[in-house]
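J.: Sequence:
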Amino acid sequence: MMAKWSEIEKKQFSEVLVEWYEREKRELPWRENTEAYRVWVSEIMLQQTQVDTVIPYFERFMSLFPTMKDFAYAPEEQILKAWEGLGYYSRVRNLQTAIREVTEAYDGVVPQSKEAILSLKGVGPYTAGAILSIAYNQPEAAVDGNVYRVYSRLMRIDDDISKAKTRKVFEQAVNETISQDKPGAFNQALMDLGATICTPKNPKCDMCPVQKYCRAYAENDIEKYPFKSKKLKTKQKYLVTAIIQSNDGRFLVQQRPSEGLLANLWMFPSIEEEKPVEDLVESYQAGVSMPLYLNNQSLGKVKHVFSHLKWDVEIITGVMDEADLIEGYRLVTLEEMKVLPFPVPYQKVWQLYLKTRSEL
DNA sequence: AAGCCGGGGGC
DNA sequence: GCCCCAGGCTT
Ligand code: SF4
Numbered sequence: 001m002m003a004k005w006s007e008i009e010k011k012q013f014s015e016v017l018v019e020w021y022e023r024e025k026r027e028l029p030w031r032e033n034t035e036a037y038r039v040w041v042s043e044i045m046l047q048q049t050q051v052d053t054v055i056p057y058f059e060r061f062m063s064l065f066p067t068m069k070d071f072a073y074a075p076e077e078q079i080l081k082a083w084e085g086l087g088y089y090s091r092v093r094n095l096q097t098a099i100r101e102v103t104e105a106y107d108g109v110v111p112q113s114k115e116a117i118l119s120l121k122g123v124g125p126y127t128a129g130a131i132l133s134i135a136y137n138q139p140e141a142a143v144d145g146n147v148y149r150v151y152s153r154l155m156r157i158d159d160d161i162s163k164a165k166t167r168k169v170f171e172q173a174v175n176e177t178i179s180q181d182k183p184g185a186f187n188q189a190l191m192d193l194g195a196t197i198c199t200p201k202n203p204k205c206d207m208c209p210v211q212k213y214c215r216a217y218a219e220n221d222i223e224k225y226p227f228k229s230k231k232l233k234t235k236q237k238y239l240v241t242a243i244i245q246s247n248d249g250r251f252l253v254q255q256r257p258s259e260g261l262l263a264n265l266w267m268f269p270s271i272e273e274e275k276p277v278e279d280l281v282e283s284y285q286a287g288v289s290m291p292l293y294l295n296n297q298s299l300g301k302v303k304h305v306f307s308h309l310k311w312d313v314e315i316i317t318g319v320m321d322e323a324d325l326i327e328g329y330r331l332v333t334l335e336e337m338k339v340l341p342f343p344v345p346y347q348k349v350w351q352l353y354l355k356t357r358s359e360l
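Counting in the UniProt record's numbering, the first sequence runs from 1 upward without gaps.
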């Protein structure tokens, strides 16, 4: 049984980890420089999102909005389009709210105090710590999923990471070991270690630069860490959507409500039920209060899995008279549709529509 | 404290 | 299928 971490050991661990990072760090677009705006955008994108997914979005975002000024007052349609497919769309709306706040209340400079930065919309304890350490060289912990995993193993911490108060335990553990002169490198080293070596399944302990400090490795019980009690369950929903064209060939679309799932994104008008829909045309017509001429045959089905629910989407087609268009809907050309942000399940719907149409 | 909020990748 | 991912907000 190895002893509790000594002060000397903490110091050594920190130095070894930072040296490893400086030797082996991943070259990533947001690591080209430490401008606070770039760090901020990357940290928001990386919330619950893997590095490889983020890279192209980050590149595109930065070329669209090179400075906070470019982003602060861009139209919502444009910022959602830049986020299209990335998920958790409130992130980009909160980011714009926060960057407006920085523009108006902080003279365009991302604040350096923990209290101020934490008050910004969408910036929680993790993101605050990441920005302060990486952009401003402050020794602040940034506790995320990687830190839970790496530290629970290093120190055999068995607190339940599902519980809110557990974050404090890990913040203290990091604070006791964080590099005082290179906190940004230290925190990013933990990310790289968690992503490439100390992975959820089959950690590569043989290649681990801090293996000699690791208590779980020494005790051979890595699989016990981290401990997480709750698992989430998903609900099933049944949708019917329709590709509906007006006499001039435009397509019927609708903006989603400003709150809730996929807020403010666009879709093909849809109905949602708890159970499989029996008569697609009858139910759909009952749910959309415009006269429609619907084809009584399903184009096919699209399945989509969210974190907390599953969609089963039946697709039908139809036509309408443009004179019958009511408030809340739009008839758009293909060019107009391209500019609107659509969630992935509706992109799947559109792809299926194009495929079946090309087969005619 | 628990639920909500996307989408993709690994196994 | 399941779990995880550079989490935060709302209730
Ligand atoms: S020795 Fe293994 S379990 Fe411990 S920190 Fe390194 S990779 Fe993770």
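Since the hints were made in silico from the structure, they are not lab data.
Do not rely on the hints blindly, as some may be mistaken.
To be verified - If you anchor each label on the Cβ, the simulated ranges turn out as follows: (1) Ala164 x Thr103: 52 to 60 Å; (2) Leu64 x Ala164: 30 to 38 Å; (3) Lys275 x Tyr73: 42 to 50 Å.
We put the beta carbon where it would ideally sit given N, CA and C, even for glycine.
J.: Determine whether the Cβ-Cβ distance between Lys275 and Tyr73 falls within the hinted range of 42 to 50 Å.
T.: 45 Å, holds
J.: For Ala164 and Thr103, compare the CB-CB distance with the range 52 to 60 Å and indicate the outcome.
T.: Hint violated: Cβ distance 32 Å, outside 52 to 60 Å.
J.: Taking 30 to 38 Å as the stated bounds, is the beta-carbon spacing between Leu64 and Ala164 within them?
T.: 36 Å, holds
Hint 1 alone, counting from the list given before, is not met by this structure.
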